[in-house]
Amino acid sequence: MVSTVWQNPVLLIVVPLGLAFFTPIIGLIRKELVKYIPILGMLFNLTLSLFLLPKVLDNPIIVSLSGWKPPFAINLFVGPVGILFSILISLVGLLTAIYGINYIKKGAVEKYHMLFLLLLTGATGIVLTGDIFNLFVFFEILCISSYALVAYNQDKNGIEAATKYLIQGSLGSAFILLGIGFLYGLFGTLNMADIARNITTVDSPALFIAMALFITGFGVEAAIFPLNAWLPDAHSSAPSTISAILSGIAIHIGIYAIFRVLYTLFGFNSIFTVLAVIGIVTLLIGEMSAFRQENIKRVLAYSSMGQMGLIIFALSIGTVDGISGGLFQIITHTLSKSLLFLCVGYMVYSTNSMELSSLNGLGKRMPLISLLFTIGVFSLIGLPPFIGFPSKLSIILAGLKTGETLFLILIVLMLLATVIEGVYFFRIIQILYFKEPDKEERFKTPFTLLFPVIILGLLIVAIGIYPGLLQEILDRSAEIFWDKLSYIKIVFGG
Amino acid sequence: MDFLYHNIHFIGAFGLMFIGLYMIAVKKNLIKKIIGLGFVETGINLFLIIIGYIKNGTAPIFSKAGLDPARMVDPVPQALVLTAIVINVAILALALGLAIRLYGHYKTLNVEKIRGLKW
Amino acid sequence: MIFITLLIIIMLIGAIVSCILKDLLSAVIVGGAVSLIAAILFYYLQAPDVAMAEASIGAALTTAIFVFAINKTKRLEENEENN
Amino acid sequence: MKKIISFVLLVIIFIGIYFAVSQIPYGKDKMSVSKHYLNNGVKENGASNIVTSVVLNYRGFDTLGELTILFIGAIGLGVVLFGFETKGKDIKSPSLILNAGSTFLFPFILLFGIYIFIHGHLSPGGGFQGGAVIASGFLISYLGYPKKRISEKGIHIVESLGGTLFILIGLLGLLLGGYFLSNILPKGTVNTLVSGGIIPLLYVLIGIKVGAELAGIIYKLME
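These protein sequences, in sequence, are chains A, B, C and D.
Take the first sequence: its position 181, counted from the start at 1, is 181 in the working numbering, and no numbers get skipped.
Take the second sequence: its position 51, counted from the start at 1, is 51 in the working numbering, and no numbers get skipped.
Take the third sequence: its position 70, counted from the start at 1, is 70 in the working numbering, and no numbers get skipped.
Take the fourth sequence: its position 165, counted from the start at 1, is 165 in the working numbering, and no numbers get skipped.
Here chain A stands alone, though its shape is the one from the complex:
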């Protein structure tokens, strides 16, 4: 038994949590050590998740906690989607933590690293848990630590954005708790598989209200169209490392939560059409607002909003292909957007300004960063040979495969949005390369800032050239993500 303890998936949550709890004591011993703790935790998570991936592709693992079988105790459902997300979280978390070593210098540095680790732990917990209230608890961990981190710079914008985010986000959480109350009142259990097993036994109005509450609540975090007022402010005024995490991970976790609840618990079909339309509306609004911005980080934030719409659309197509495409797009967006935010973080750090005009001619002053920025942009637009191309293609193919007129129209709108996206991103690239720089001197980039960005760039190119590497895993994940009956069967065994 002892030999298998170290590969128990619960360690993915517990080890970073324990490290975060232990950090203040380490900080008392030596202050410099604190900034290496997130790296340690994420390195552990990355190794363990990569180790677990081949196993869960065959059979998802059910981990019951505190010694009782589900539904009597909380259980983790460690399926391929969960592990895939866990790999993404720990990869981006690791790279961002390395970036943060030299980037975060002012303010409560120790506390920043603790909150950073806890945010990532919360995200990991959400994707692994199989209990609806446990999901809420981890969701709160994610949200509250991001409220605090958005305010980290303590300037006017940061505090304002954090306040706005906090009020809207905690209202969303309140709705989720209310929805959980309804579900508990109807079924007397909190285990998702147990609820899913019984969900046909109740008439629809109460269930519909519960579902609406869940979509609203998680939708605040996922930035679905009418609920996304906080996003551009929060993502643009946070420190760049946190913007990368929020844009690259937190909002995807919101989407994961929505679709986990919808696929596994409710399984309604009519709502998906509505969600697909909302997704495309979010996409168009996001891209059009990004078009008008003059602040580089706000451009990226609005573009994140647009990408969220695209992912929601893909996941609401309602076929395995669509889900696979949506998951692929999540990976694309995570890698590209964190790359972009990290690059921009360095540009803003060097030029001390977030205005687009201050980026004039940076292509000559910091060639490598600008090159990587261009890779990220091309990948987001969906140009070959970068990762964005196969993912967007698979979404379009999945939509066309359904053969419905509505989806056809939506895909045309999506292509239109891509064109808008292309225009404003090419404008930035033109500013980077074809405007005359104010000064001639070159910036020197420290290695800890350069290394994560280069890794992300390499990953984008590598997966873009060999998308087949990922495709099988994604298809298998999509099957398990979508299939409610097998979820119930796996949890209860037999």
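These are calculated hints, taken from the structure and not from any lab test.
Cβ atoms here follow ideal geometry from the backbone N, Cα and C, with glycine treated the same way.
Take the hints with a grain of salt, since some may be wrong.
[Claimed, not checked] Derived BS3-like pairs: lysine-lysine, alpha-carbon spacing no greater than 25 angstroms straight-line:
#1 B/64 - D/35
#2 A/156 - B/107
#3 A/489 - A/435
[Claimed, not checked] From the derived model, a few chain B residues whose C-beta atoms are all more than 12 angstroms from chain D:
#4 6
#5 7
#6 113
Since the structure of chain A is provided, determine the placement of chains B, C and D on it from the hints.
Leaving out everything else, chains B, C and D in the frame of chain A:
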């Protein structure tokens, strides 16, 4: 009257939530909004406890012999509400911290006078 | 039952009063009272654990935190805010 | 105008919620999982307070998350208020009554808090309630002596140790019992102080940690 009699607990819980949501939506003072947030959470907690209540039930504690488990109220919502109360205090403390900082920057808590905040 | 009905009505009136009051400090104190009544309701709903938690955390500590925060900001809600 | 619109919207939402609630009968027995807890909880965990059993064993993972959230709340407040200079109104020096009263009350409040969390598995109350009582003891001692502060370092050490030990006990359960947070210690006789396996132990840790964290939050907002 009969309706009131049977639903008075639910009216209490949802009335509190209603007032809280109204305060968040309409009031312009940040502290008032935060008080409203507290009311919403208290209302939801009340709702959860009401769900677990059984008429003439006893508290789920076997403090003396002869208590019948079938007559006890549901312990799970109580556990959930314990969690929710603690979460609530963390959120409120953070919100008040932010309000203090915001006041330091703008010398007002009226969200309409604070530049970027559109609610 | 009548007692509980009365409590709930007082609680709701307290919440409305806290919504209307211009003086933030009084609003917060009334809010604390609402929490306290909620704690009594929890007790009558056979949840003594929750009642204790709500009374000690929800009513006492939260009110204290609010009072400290108001001490650092402004006590009165400005007049034009309520039109 | 905005008032009326919000009011109408809220009324519509709540009518919808009313229809949903009408499907959940008040005061009826709706349990499915909890039946198991009520019938077997004492046997399985040895704690006579079933709520404690649920909080610390059946749903112990939630409690770990909850502790984390309070931890985040305290740290986050530190991040938000970092380097914020005092602008609060001057506090008058307290009267003799407050001064003497707080000196006199402080140890008793502390003792009461400790009593609450040590008896968490037997009677209502537990770590969170006891921790809150302890924090209010610190609040009163502050009101009596505004100049006197407990050290922030001490608070950090206590909350950090509490959390780490909680996780270590959980991991010990994983190592010896095969499941995270499984109840590995002997259950003892029901309704005595030493019963319930790891439950009283965990509640003591939670009580200390919550007390330190809430006291820390209060101190940060007061400064």
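Verification of the supplied hints:
1. B/64 - D/35: This hinted pair holds, its Cα atoms lying about 19 angstroms apart.
2. A/156 - B/107: holds (12 angstroms)
3. A/489 - A/435: Violated, because 60 angstroms separates the two Cα atoms, which is more than 25 angstroms.
4. 6: violated (6 angstroms)
5. 7: Non-interface label on residue 7 of chain B violated, nearest chain D Cβ at 7 angstroms vs cutoff 12 angstroms.
6. 113: holds (16 angstroms)
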